[in-house]
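Visitor: Residues per chain, in single letters:
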Amino acid sequence: MADPAYRRRRVVHTEWLVILAGALLTGATMLWNITASPDTQYDEVVYTRAAQQVAQGWHLTWTNSPMFVHPPLSFLAQAAWLRLLGLGSAPLGDAIVAARVLTAGVTVFAVLLLGLIAAYLAPVAGRRRGLLLVGIVVALAATDPVLLRYGRLALIEPLALVVALLTLCLAIWLRRERALIYVPVVGLASGLTLLTKEVTVFLLFTPVLHAVLGREWRRAAIVLGGFLWGLGLWLLFPLWSVALGLTSDFVDIKFATVQRLLGLLQITGWNRPGVSFLAAIGDQFGQYAASYVVLACGGIALVWLLTRAVTGASRWLLAWLLTSYAFGAYTVLLGTLNEQFFVYILPAAIVGSVLAGDAAIARLAAGRRPAGRRFPKALAGAVAITAVTVAVLGSSLGGWVRLYASDNDGVFTLADTVRSRFPSCAALAVTGDPDKYAYLLPGHPVAAFATGQGAQSHGLHLFVLSDKDVAAGYGNATKELTTWVRARGTLLATFTSATYQGLQLWETPLDPYDPLADVEPLPGGVFVGTDTARCGGFPVLDGPGGDFATAWRALGGKAVLGAPMSASWTAAGTSYQVFTGAVLTLDANGRAAALPVVPDLARTDPAGYRAAGLPPVSGARALTDPAIAAAYRQEPMNALLGDPAGPATPMPDGRVRQAFAGGVLERAADSDRVRLAPIGRLALDAGLVRPDREAADRVAAPPLPSDLGPPQPTTVQPFVISLLAGLALYTGLPVVLIELARLGYRRPDRRWPS
Amino acid sequence: MRDAPLPDTPALGAVAPLGRRRVLARAGLLLGLLVLAMLVRATGVLHPDPGPDALPPLPAAAKVVPGLLRAGAPTETDLVLLRDTFAVRGVVVIGAASVEEQAVVPALGMRLLQLDVAEGAAPTAAQVQQLDAFVRSVRAEGPGVVFMHDASGTGPVVVAAAMEQLVAGRPLPEVLAGLSAAELDGLSAAQLQALRDAARAAPAAGSSVSNSTEATR
Numbered sequence: 001m002a003d004p005a006y007r008r009r010r011v012v013h014t015e016w017l018v019i020l021a022g023a024l025l026t027g028a029t030m031l032w033n034i035t036a037s038p039d040t041q042y043d044e045v046v047y048t049r050a051a052q053q054v055a056q057g058w059h060l061t062w063t064n065s066p067m068f069v070h071p072p073l074s075f076l077a078q079a080a081w082l083r084l085l086g087l088g089s090a091p092l093g094d095a096i097v098a099a100r101v102l103t104a105g106v107t108v109f110a111v112l113l114l115g116l117i118a119a120y121l122a123p124v125a126g127r128r129r130g131l132l133l134v135g136i137v138v139a140l141a142a143t144d145p146v147l148l149r150y151g152r153l154a155l156i157e158p159l160a161l162v163v164a165l166l167t168l169c170l171a172i173w174l175r176r177e178r179a180l181i182y183v184p185v186v187g188l189a190s191g192l193t194l195l196t197k198e199v200t201v202f203l204l205f206t207p208v209l210h211a212v213l214g215r216e217w218r219r220a221a222i223v224l225g226g227f228l229w230g231l232g233l234w235l236l237f238p239l240w241s242v243a244l245g246l247t248s249d250f251v252d253i254k255f256a257t258v259q260r261l262l263g264l265l266q267i268t269g270w271n272r273p274g275v276s277f278l279a280a281i282g283d284q285f286g287q288y289a290a291s292y293v294v295l296a297c298g299g300i301a302l303v304w305l306l307t308r309a310v311t312g313a314s315r316w317l318l319a320w321l322l323t324s325y326a327f328g329a330y331t332v333l334l335g336t337l338n339e340q341f342f343v344y345i346l347p348a349a350i351v352g353s354v355l356a357g358d359a360a361i362a363r364l365a366a367g368r369r370p371a372g373r374r375f376p377k378a379l380a381g382a383v384a385i386t387a388v389t390v391a392v393l394g395s396s397l398g399g400w401v402r403l404y405a406s407d408n409d410g411v412f413t414l415a416d417t418v419r420s421r422f423p424s425c426a427a428l429a430v431t432g433d434p435d436k437y438a439y440l441l442p443g444h445p446v447a448a449f450a451t452g453q454g455a456q457s458h459g460l461h462l463f464v465l466s467d468k469d470v471a472a473g474y475g476n477a478t479k480e481l482t483t484w485v486r487a488r489g490t491l492l493a494t495f496t497s498a499t500y501q502g503l504q505l506w507e508t509p510l511d512p513y514d515p516l517a518d519v520e521p522l523p524g525g526v527f528v529g530t531d532t533a534r535c536g537g538f539p540v541l542d543g544p545g546g547d548f549a550t551a552w553r554a555l556g557g558k559a560v561l562g563a564p565m566s567a568s569w570t571a572a573g574t575s576y577q578v579f580t581g582a583v584l585t586l587d588a589n590g591r592a593a594a595l596p597v598v599p600d601l602a603r604t605d606p607a608g609y610r611a612a613g614l615p616p617v618s619g620a621r622a623l624t625d626p627a628i629a630a631a632y633r634q635e636p637m638n639a640l641l642g643d644p645a646g647p648a649t650p651m652p653d654g655r656v657r658q659a660f661a662g663g664v665l666e667r668a669a670d671s672d673r674v675r676l677a678p679i680g681r682l683a684l685d686a687g688l689v690r691p692d693r694e695a696a697d698r699v700a701a702p703p704l705p706s707d708l709g710p711p712q713p714t715t716v717q718p719f720v721i722s723l724l725a726g727l728a729l730y731t732g733l734p735v736v737l738i739e740l741a742r743l744g745y746r747r748p749d750r751r752w753p754s
Numbered sequence: 001m002r003d004a005p006l007p008d009t010p011a012l013g014a015v016a017p018l019g020r021r022r023v024l025a026r027a028g029l030l031l032g033l034l035v036l037a038m039l040v041r042a043t044g045v046l047h048p049d050p051g052p053d054a055l056p057p058l059p060a061a062a063k064v065v066p067g068l069l070r071a072g073a074p075t076e077t078d079l080v081l082l083r084d085t086f087a088v089r090g091v092v093v094i095g096a097a098s099v100e101e102q103a104v105v106p107a108l109g110m111r112l113l114q115l116d117v118a119e120g121a122a123p124t125a126a127q128v129q130q131l132d133a134f135v136r137s138v139r140a141e142g143p144g145v146v147f148m149h150d151a152s153g154t155g156p157v158v159v160a161a162a163m164e165q166l167v168a169g170r171p172l173p174e175v176l177a178g179l180s181a182a183e184l185d186g187l188s189a190a191q192l193q194a195l196r197d198a199a200r201a202a203p204a205a206g207s208s209v210s211n212s213t214e215a216t217r
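Chains as they are written, first to last, in my numbering: chain E, 1 to 754; chain L, 1 to 217.
Take the hints with a grain of salt, since some may be wrong.
Listed next, with one range per pair, are the computed distances between beta-carbon atoms [stated by the list, open to error]:
(1) L:P143 <-> E:R655: 40 to 50 angstroms
(2) L:V40 <-> E:P710: 54 to 64 angstroms
(3) E:R681 <-> L:L192: 29 to 39 angstroms
(4) E:A493 <-> L:E141: 33 to 43 angstroms
(5) L:L39 <-> E:A90: 30 to 40 angstroms
(6) E:S276 <-> L:R196: 29 to 39 angstroms
(7) L:P17 <-> E:R83: 36 to 46 angstroms
(8) E:F285 <-> L:L31: 36 to 46 angstroms
(9) E:R591 <-> L:L192: 47 to 57 angstroms
(10) E:I738 <-> L:V40: 46 to 56 angstroms
(11) L:A190 <-> E:R655: 27 to 37 angstroms
Taking lysine to any residue pairs in the SDA-like style, the calculated list, with each CA pair at most 20 angstroms apart, reads [claimed, not checked]:
(12) E:K479 <-> L:R111
(13) E:K479 <-> L:T77
(14) E:K254 <-> L:L46
Some chain E residues close to chain L (C-beta under 7 angstroms, calculated; not the full set) [said to hold, decoys possible]:
(15) P91
(16) G93
(17) A119
Calculated from the structure, these hints are not laboratory results. Glycine included, each C-beta is placed from N, C-alpha and C at the ideal position.
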């Protein structure tokens, strides 16, 4: 017989081995290739940005308003982590990867905690069976597609899950402790959970429900006290808004959050109008099949436990499944159905599935045992349940290899490409949310538009397209946008991204004559962009140098005269501005004319003139083309252009052109729309006009329209100070109370003898 | 090797079955809650249908006559919403349309009409006729609504809308009574005079939108 001390040591070693194996497995599935998969998303980018802002200067924001949607604790944790690594002001991409390491590491702990809870809930299992069940729970959690999806991202979920599970663990562990111990400990954990993410509140009700299910009203009062004690700590969050003087903003945001949770307001998730939950489930089936199976098994476990008289561990499991599935059912049927909410439901589903599977095998084994037979039903049941478990694990691991072992970093790669190929001022129009690109590409203006024409009207010609964004209704982009861009533009690059089902970078051409593109209003005129990156252009203004904006508009604006090629300048009493189609001059009386540069161009650089496809300046000068003649005779075009300098001539490119002193009128062969052919660049290159330096230099484009409100105070320091004080109170007060209680016990009885 | 017997007690501990009545009661409660939730979802109690009289979420939004709405200037996203949720098929800009709007409205498959009316002025009779013809033309193409706006929703679009109501046969006092105090205060003397003139001329013009829109009431 083995030495009992040796056996105890072996038991301890085996348990540590299971913990180590669980940590290694979860660490591998969560951290492997974390720099390149999954592709980043809006929440991850802006949350990490907010954490960096906190690390740099205590500002909890990524806009110019404080972050009130979620509590500050997870951001503070991420900020501390980034500060520790010296990445507080690192490029955002690096900070995101570092933050992912923190959250993935935290997820490892969450999975181990889940194993611990499973061990708590299997008190009759015995050592080997208990370790086996814990191992299965950990393996299922470590490979679960939903937990992997969100455990590998720098989001709030991993941090919220770990504190929620810790709270549950403590509640189970201290289930028999008196209020003086239970309330401060579980209350503190509950408070920290609520300060990480409020939606976990349903999990915090598990101990209350456990007591209610057992009709232990006194216990229910104690655990409710623990919850309320935690709620008290959460009040530091609204207190922060009071300290910032933004209470009404906080109330508005929280009111909207509650409305969203209740489903009264649907702005995100699969219950939005026009988004089909079933279609979304179908679309995601390939990725989340294993999670769906586990959720279904957890549901079966819940129904099974509802038909049983539950006590002890089974009552805890029932309470946990009830709170989790009640939240899940409400969310699916009525509330805001965000995919990441399943992170909070799956732990109960996994533990419930495993323990219900174990109970099913036990039930079959406890059935009738015909003499001489080896429990065929039980064995068959065990084989079936093992087969389901293996299938779920196999599907999960297959999905892991497919999604996380290969690169899935389209957004990061696209950002690198934009940085390397375009100037830092290059502007992008994107499908989906623009902020993730904007923060990854500091300096680059990024905006979301519903239509390609809308984007181009503001001078944006570089488009990032994701069909998934459009189909799922993320961002403003419509189907018309992607169709239009692909019909007109050039595909510059494609980027592998399983998350976005591929990303594409497109460029649409610049048309200097398009009146509905590249024009931004300015006081006294407009700014016209002159490149596809929206890096610069020239203003056309009414001002001291002359009313060029008025003259330009009167002559037909961009559609006729084209885009400006310089700003205006004044020399010898005359003001000039070069446009694509003419060099416009304004005399001291404001009379507009086109500088008669066409004959000079033909004379000084005949080869260049011909190469530009411009018509002859000799021969008959009659107005033989009716459309050109009509356009020329229209006021003020004839006064502007001067006399004809040559005949109307069909050119090899299919256009008909006629030269005048100040410009060349042209029309397409099949159109009566007449405009001034491009001669501005030739005139500049030939030195026929020399804008002064200020007029020749392009100016930066005006900022894109923004919906940012006025700046608000965003410092999170008041919250941190109050949190430290709160923590001191929450840990110190119970100690004082316990000591007082002890003193009370020791106090001699001073009552008078009766 | 000896067979290791499978455990016959759940790891959770013994879980005895409940009595039939309690099981039925719990199943009934669970089913009842699920059915209730599905009924709430199916009936749309949480998201009541705004109905045909719903107005777009834009500043100073108002219904002018059936098939014609007015408000302040929409953004590009608003234009998508107007098209997809309010069945807007035509947009009338009272004043200067932005370049973006000129580009976006046709891109979204809607028609655009610009009426050059200065701030503080009223549309001319010809412009009202143009507006009227546009509304009729859009609505003749199929079911849909025309959306009319100026920069703020409280400028000349109020006068243009009032004129449309006069053309539709409503008396001037009723039209003015339909305006808010702020809108009334915002009317210039020239605009009020234009409305009086339009009211006098209205019976002669009252055959256009009024006929087409009354039919849809």
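Visitor: Do the beta carbons of A493 (chain E) and E141 (chain L) sit within 33 to 43 angstroms of each other?
Guide: 41 angstroms, holds
Visitor: Between I738 (chain E) and V40 (chain L), is the Cβ distance one that fits in 46 to 56 angstroms?
Guide: 47 angstroms, holds
Visitor: Looking only at beta-carbon atoms, does the pair R591 (chain E), L192 (chain L) fall within the given range of 47 to 57 angstroms?
Guide: This hint is violated: roughly 40 angstroms between Cβ atoms.
Visitor: For the hint on G93 (chain E), does the least C-beta distance to chain L fall short of 7 angstroms?
Guide: 29 angstroms, violated
Visitor: That 29 to 39 angstroms hint for S276 (chain E) and R196 (chain L) (C-beta), does it hold up?
Guide: 54 angstroms, violated
Visitor: When the nearest CB of chain L is found for A119 (chain E), is that gap smaller than 7 angstroms?
Guide: 10 angstroms, violated
Visitor: Does the hinted range 30 to 40 angstroms hold for L39 (chain L) and A90 (chain E) at CB?
Guide: 53 angstroms, violated
Visitor: Hint check: is the beta carbon of P91 (chain E) less than 7 angstroms from a beta carbon of chain L?
Guide: 31 angstroms, violated
Visitor: Hint says 36 to 46 angstroms; check whether the CB-CB distance for F285 (chain E) and L31 (chain L) agrees.
Guide: Since F285 (chain E) and L31 (chain L) have Cβ atoms about 27 angstroms apart, the given range 36 to 46 angstroms is violated.
Visitor: So the hint says 36 to 46 angstroms: do the beta-carbon atoms of P17 (chain L) and R83 (chain E) match that?
Guide: Violated: the Cβ-Cβ distance is about 56 angstroms, outside 36 to 46 angstroms.
Visitor: Regarding the pair K254 (chain E) and L46 (chain L), is the alpha-carbon distance no greater than 20 angstroms?
Guide: Distance ~18 angstroms between K254 (chain E) and L46 (chain L) Cα, so the pair holds.
Visitor: For the pair supplied as a hint, K479 (chain E) and T77 (chain L), confirm whether the alpha-carbon distance does not exceed 20 angstroms.
Guide: Judged against 20 angstroms, a Cα distance of about 14 angstroms means the pair holds.
Violated hints, listed in ascending order, are 2, 3, 5, 6, 7, 8, 9, 11, 15, 16 and 17; each of the other numbered hints is respected by the structure.
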